[in-house]
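A.B. asks: Each chain is listed here by its residues.
There are 2 protein chains.
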Amino acid sequence: MSQTPRQPVGRSAPTSADVARLAGVSRATVSYVLNNTAAVRISEPTRLRVRAAAEELGYVPHAAARSLRAGHTRTVVMPSARLPGGPLPVRFYDEFQSELRRLEYTVVEYGGVGLDGDEAARAWAELRPVAVVCPGATQPSAYGVSLLRRSGARAVVTLGPHPTRGAHFLALDERRIGAAAVGHLIHRGRRAIGVVVPREPGPKLCAELRLEGARAAAEGSGARTVPLPMAYEEESAAALAARWRATGLDAVFAFDDAYAMLLMRALQDEGVDVPRETAVVGAGDLLLGRLLRPRLSTVRVDTVSGRRLAELVDRVVREPAAEPEHHDLMAARAVHRESS
Amino acid sequence: MSQTPRQPVGRSAPTSADVARLAGVSRATVSYVLNNTAAVRISEPTRLRVRAAAEELGYVPHAAARSLRAGHTRTVVMPSARLPGGPLPVRFYDEFQSELRRLEYTVVEYGGVGLDGDEAARAWAELRPVAVVCPGATQPSAYGVSLLRRSGARAVVTLGPHPTRGAHFLALDERRIGAAAVGHLIHRGRRAIGVVVPREPGPKLCAELRLEGARAAAEGSGARTVPLPMAYEEESAAALAARWRATGLDAVFAFDDAYAMLLMRALQDEGVDVPRETAVVGAGDLLLGRLLRPRLSTVRVDTVSGRRLAELVDRVVREPAAEPEHHDLMAARAVHRESS
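If you read the protein sequences in the order shown, they are chains A and B. Converting from the first sequence to this note's numbering requires adding 38 to each position, the first position being numbered 1. Converting from the second sequence to this note's numbering requires adding 38 to each position, the first position being numbered 1.
Bound conformation, chain A alone:
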């Protein structure tokens, strides 16, 4: 607490030299002890003396210095991806991070917000990560991947709808969600199918892919699909419901369960009978979707587990593959309840 904050940290922070002086050992010994270097044998009393001195001075090793010495880091960079509408659940991220920590990597979330693919790749490269994992909307280009590889990243793993040259690719294809929903509605005998497209920017990419999948599923089936822009607001849902009968639609895939619950309520308030007049299907299998009457039909999405992804990252870091690996890690299937 005693430092003058105006001073640069390099001077104000205690150094390994201070620890070495206090413990009466060499700086190398301090570094061996505090970085748990297994290669070097150091007596337990010395270890304890060094740890006590570091404790007393409040010294911690400088990650930057360590990574410069080592020539590489154990850092895995992942863009912050908290945008809603993505296929990966919260627990995926926690599981992924805990598992990588168990494997002695440091997970750093960085630069998912407001950077485009190549800006982000450059920012990540500056941290000299050993691996980069891109689950979000921010995906590096082939150039970004080569930049990362040349700056020392042993693995670049992208999760999304499209592969990137030079990167390992885990397919999370949102199109399947739209295809499963519309396939279910056609199977239930519906022919004029609305597809809700959220007006919010967050789910934009998701929404386009789900719509694409919905259209593909309808193709050649005799059914037609109609995109329906809608905001996640009662007013927007009410406006859409008010002109529902004019659209002549007999079904709707409402992007996800939240939009579906909102639209189904608005349709019921307009006197539209669900499912007799209009079938409604969401996606995500939210527990709350079972609380409305009729119970909401949905699409259940199964994705890669955080643990499995962490193991893949560790494997490709330890044994870099000649060729990038491609795995398909998302399954989507309709769950029929009462609303369709």
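Quick caveat, the hints were computed from the structure, so don't treat them as lab data. Keep in mind it's a predicted model, so treat the numbers as computed, not measured. Among the hints, a few may not be true.
As the list makes no split between identical chains, a pair holds if one copy fits it or if it spans any two.
As the list claims (entries may be wrong) - Derived SDA-like pairs (lysine to any residue); straight-line CA-CA distance at most 25 Å:
#, residue 1, residue 2
1, K242, R262
2, K242, R140
3, K242, L325
4, K242, R345
5, K242, S136
6, K242, E94
7, K242, L324
8, K242, F130
9, K242, G260
10, K242, R139
11, K242, R112
12, K242, P99
13, K242, S179
14, K242, A180
15, K242, R65
16, K242, D156
17, K242, E157
18, K242, R79
Mind docking chain B on chain A? Use the hints.
C.D. replies: Frame of chain A; chain B shown alone:
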């Protein structure tokens, strides 16, 4: 792509020396150009030549080297805090990060999962951040704060129910949510008030504080509160509803809107009249809470904006305060709809 991944990065990654050689300038010039050092005048043709060489070689500056040269970083560390039930909305984090990026800080999210307060503080200190912001369940102790300060952090900002010595403190007091809910129910004439306590580990800290606030609000009012453990599952809600009449309760504060929707549905399925027999209040003002009938009463929570927090961090970094600042940044008020 040409590097042999087995080689340490230090050798395989292009260095500023390579860029200097290719551009025919000194390493210092490369560093001035690529780190946009304003102090030094360098001709535009030279800048362009250096950038072109860096581009060609795929060279990016090494953040670690730069921070060692500078003696400090512009890194703001924040633990990943994606656990549900917290008072801060997703858009808070995005706003906070975008604003700090605009102020030319680098936000790194790190170590919120599976590290206790002091382990986390040590891990953060290794990154030599200029500031640390702790919004989640992971809060450093007074020792952790001093460790961070001594390693050069100019500001440690904690957000939560309790202050930590030496750290700036933004009060986000979950107790107010419980107090607002129970105050409302008492105002509506209820006297036997259940308080749902989720069985899930995620919301544990939140739940304890909301219960504490609920109890405090009931004290001396003649009303009593009864904690009701419940899991976020239909079975658990049904079991609680099945023994509802035996409890003699005439109201329930159900932790948040999601638990409230689940429990209200289960009570209705048991034939319990909401609100006549039992009033139900949630928290969070979810749009979905307005979709059930009766419409769910709730507690609206207003917290600090990401922008305001970013500005506070920047100010205390630029002008370190003699004394840690305390601000109160959460308001909670009941919103009466139909379920209470």
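A.B. asks: So, for every hint listed, does it hold in this structure?
C.D. replies: These are the hints, each one checked on the structure:
no.: 1; hint: K242 <-> R262; in the structure: within (22 Å within a copy, 48 Å between copies)
no.: 2; hint: K242 <-> R140; in the structure: between (35 Å within a copy, 24 Å between copies)
no.: 3; hint: K242 <-> L325; in the structure: both (24 Å within a copy, 20 Å between copies)
no.: 4; hint: K242 <-> R345; in the structure: between (28 Å within a copy, 24 Å between copies)
no.: 5; hint: K242 <-> S136; in the structure: between (30 Å within a copy, 19 Å between copies)
no.: 6; hint: K242 <-> E94; in the structure: neither (53 Å within a copy, 34 Å between copies)
no.: 7; hint: K242 <-> L324; in the structure: both (20 Å within a copy, 21 Å between copies)
no.: 8; hint: K242 <-> F130; in the structure: both (22 Å within a copy, 20 Å between copies)
no.: 9; hint: K242 <-> G260; in the structure: neither (28 Å within a copy, 52 Å between copies)
no.: 10; hint: K242 <-> R139; in the structure: between (32 Å within a copy, 23 Å between copies)
no.: 11; hint: K242 <-> R112; in the structure: neither (34 Å within a copy, 32 Å between copies)
no.: 12; hint: K242 <-> P99; in the structure: neither (43 Å within a copy, 34 Å between copies)
no.: 13; hint: K242 <-> S179; in the structure: within (20 Å within a copy, 41 Å between copies)
no.: 14; hint: K242 <-> A180; in the structure: within (23 Å within a copy, 44 Å between copies)
no.: 15; hint: K242 <-> R65; in the structure: neither (54 Å within a copy, 44 Å between copies)
no.: 16; hint: K242 <-> D156; in the structure: within (20 Å within a copy, 40 Å between copies)
no.: 17; hint: K242 <-> E157; in the structure: within (21 Å within a copy, 39 Å between copies)
no.: 18; hint: K242 <-> R79; in the structure: neither (57 Å within a copy, 44 Å between copies)
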